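Asks: Protein chains in written order, with our numbering: chain H, 1 to 264; chain R, 1 to 264.
Any given hint might turn out to be false.
[Said to hold, decoys possible] Okay, the calculated bits of chain H under chain R, using three or more residues with CB under 8 Å as the criterion:
(1) 38–49
(2) 148–161
(3) 235–247
Read the hints as simulated data drawn from the structure, not as lab findings.
Quick caveat, the model's predicted, so the values are computed rather than measured.
Where a beta carbon is used, it is the ideal one built from N, C-alpha and C, also for glycine.
Protein chains: 2
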Amino acid sequence: MRAFAVPLAVSAASLVVAFSASAQDLASGRWIDLTHPFNEDAVYWPTAEMFELEEVFHGHTEGGWYYTAYNFSAAEHGGTHLDSPIHFAEGGLTADAIPVEQMIGPGFVIDVRAAVAADVDYRVSAADIEAFEAEHGQIPAGAIVLIDTGRAGLYSDRAAYMGTAERGAEAVAKLRFPGLGKDGAELLVARGVGAVGIDTPSIDHGQSTNFETHVALMTNDIPAFENVGDMSALPPVGATIVALPMKIEGGSGGPLRIVAHVPE
Amino acid sequence: MRAFAVPLAVSAASLVVAFSASAQDLASGRWIDLTHPFNEDAVYWPTAEMFELEEVFHGHTEGGWYYTAYNFSAAEHGGTHLDSPIHFAEGGLTADAIPVEQMIGPGFVIDVRAAVAADVDYRVSAADIEAFEAEHGQIPAGAIVLIDTGRAGLYSDRAAYMGTAERGAEAVAKLRFPGLGKDGAELLVARGVGAVGIDTPSIDHGQSTNFETHVALMTNDIPAFENVGDMSALPPVGATIVALPMKIEGGSGGPLRIVAHVPE
Numbered sequence: 001m002r003a004f005a006v007p008l009a010v011s012a013a014s015l016v017v018a019f020s021a022s023a024q025d026l027a028s029g030r031w032i033d034l035t036h037p038f039n040e041d042a043v044y045w046p047t048a049e050m051f052e053l054e055e056v057f058h059g060h061t062e063g064g065w066y067y068t069a070y071n072f073s074a075a076e077h078g079g080t081h082l083d084s085p086i087h088f089a090e091g092g093l094t095a096d097a098i099p100v101e102q103m104i105g106p107g108f109v110i111d112v113r114a115a116v117a118a119d120v121d122y123r124v125s126a127a128d129i130e131a132f133e134a135e136h137g138q139i140p141a142g143a144i145v146l147i148d149t150g151r152a153g154l155y156s157d158r159a160a161y162m163g164t165a166e167r168g169a170e171a172v173a174k175l176r177f178p179g180l181g182k183d184g185a186e187l188l189v190a191r192g193v194g195a196v197g198i199d200t201p202s203i204d205h206g207q208s209t210n211f212e213t214h215v216a217l218m219t220n221d222i223p224a225f226e227n228v229g230d231m232s233a234l235p236p237v238g239a240t241i242v243a244l245p246m247k248i249e250g251g252s253g254g255p256l257r258i259v260a261h262v263p264e
Numbered sequence: 001m002r003a004f005a006v007p008l009a010v011s012a013a014s015l016v017v018a019f020s021a022s023a024q025d026l027a028s029g030r031w032i033d034l035t036h037p038f039n040e041d042a043v044y045w046p047t048a049e050m051f052e053l054e055e056v057f058h059g060h061t062e063g064g065w066y067y068t069a070y071n072f073s074a075a076e077h078g079g080t081h082l083d084s085p086i087h088f089a090e091g092g093l094t095a096d097a098i099p100v101e102q103m104i105g106p107g108f109v110i111d112v113r114a115a116v117a118a119d120v121d122y123r124v125s126a127a128d129i130e131a132f133e134a135e136h137g138q139i140p141a142g143a144i145v146l147i148d149t150g151r152a153g154l155y156s157d158r159a160a161y162m163g164t165a166e167r168g169a170e171a172v173a174k175l176r177f178p179g180l181g182k183d184g185a186e187l188l189v190a191r192g193v194g195a196v197g198i199d200t201p202s203i204d205h206g207q208s209t210n211f212e213t214h215v216a217l218m219t220n221d222i223p224a225f226e227n228v229g230d231m232s233a234l235p236p237v238g239a240t241i242v243a244l245p246m247k248i249e250g251g252s253g254g255p256l257r258i259v260a261h262v263p264e
């Protein structure tokens with residue numbers, strides 16, 4: 001229904017250059033949903049209110065039509081969700097205020113599965129990111145960086161995924177899962193990335209007691225996506241990430257739907 | 001970081017043809033957020049549980065870092081939200097099961113502002129849609145059709161937007177706002193559209209007592225987007241709509257983030 005304004009005088013060869021690295025063609029390729037469903041198994045911090053769905057009506061009405069509706073409730077921070085900068089940064093962006101443009105962009109997927117398989121407490125370092133860049137090029141401003149720890153498949157087994165299935169304040173010290181280290185976060189801040197996602201319950205590793213990675217990102221108004229789904233179908237570079245959170249006014253986070261477009 | 005596989009032998013002129021009508025370039029153009037924020041003014045059906053945000057913590061922690069978090073609760077059907085087919089169709093798709101591809105696609109914006117200004121109970125008809133098609137071409141399969149009644153600006157004034165600010169079962173008969181008529185819905189079903197959105201509280205007009213438009217769409221597994229935001233910046237054709245709902249397993253709907261990409 002519309003055409004690019006491509007000057008007819010330019011050669012096909014120069015068009016290839018012009019379109020590479022920038023155009024993101026949604027008409028071909030495929031979409032991958034990186035979102036865990038909200039259900040009774042949705043992962044929440046041991047101290048957070050879990051997701052609940054309450055039936056309002058389900059069945060045939062007196063008027064003759066079928067009807068189903070529910071109410072729901074949860075903490076903002078559970079399931080596949082957004083951490084908005086204000087979650088760990090005074091005056092930081094709230095969930096409704098993060099520009100959409102910041103959460104849509106080229107995806108850079110850093111594979112740390114091998115390191116994590118050897119060390120559940122692994123923290124992704126600046127050196128890991130620099131090794132990725134040595135192979136794939138420098139991560140640009142506006143990138144959506146996703147950390148693939150390979151642990152999304154454990155999600156429905158909370159003890160395996162988080163280190164404990166216990167609930168309450170005493171369970172927090174038992175959390176064991178990998179995260180992004182402070183120096184890795186600082187490098188991504190320096191790169192000017194739009195957002196950082198991970199397939200674990202928190203961008204800080206489970207044993208963190210000072211949440212320094214949250215602070216490093218969020219004091220720079222960079223949001224985090226947590227409990228992201230299985231990234232195994234994503235290329236290291238070339239996908240387009242679209243991450244749209246529930247628009248909670250003043251929210252410190254909330255449910256996130258995150259999808260990736262992968263070219264053919 | 002990647003290039004289209006464009007054969008260098010083809011001419012620039014043929015490339016223009018190849019890219020028109022299909023390619024959706026996200027690297028230029030701009031994003032428009034069509035989502036009302038969830039806050040105390042968020043619009044809910046008079047009988048539905050409204051959105052509530054409960055503070056869990058806000059301020060500086062003993063550990064030294066700043067921290068904010070909330071819990072939230074609501075009915076699925078309020079604010080800018082999805083009606084999943086199962087909302088009005090037994091066995092219809094639930095919120096988590098609608099393919100992402102069905103909610104991302106080319107936007108077709110049908111402007112009925114003039115008719116609605118003259119009749120608050122206006123129902124968009126098949127004739128309205130055919131008039132749109134006579135000007136802009138037939139709406140294709142997979143289209144995201146948005147109905148612009150011009151009433152999104154009234155959203156924060158519930159009495160003006162819905163016809164009543166009262167709550168409870170007795171208020172339902174007082175609802176006054178435009179919607180999509182049954183024959184209009186049936187034409188969109190015939191077109192094979194992916195989804196239909198409107199800037200009112202319901203895809204059926206406020207005075208509906210049989211919800212025949214919901215039934216017509218949803219028995220064909222076509223979801224609706226309701227309380228969509230201001231569409232005035234959208235072209236009739238040429239935008240790309242991305243609508244991502246909260247992934248509530250088994251849900252009949254839920255909070256929706258809907259954005260539009262408009263080319264330069």
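Asks: Apply the coverage criterion to the segment 148–161 of chain H and chain R: a residue qualifies when its Cβ sits closer than 8 Å to a Cβ of the chain, and three qualifying residues are needed.
Replies: violated (count 0)
Asks: If you count the residues of the segment 235–247 of chain H with a beta-carbon closer than 8 Å to a beta-carbon of chain R, do you get 3 or more?
Replies: holds (count 8)
Asks: Taking a Cβ-Cβ distance under 8 Å as contact, does the segment 38–49 of chain H have three or more residues in contact with chain R?
Replies: Since 4 is at least three, the answer is holds.
The structure does not agree with numbered hint 2 stated previously, though it agrees with all others.
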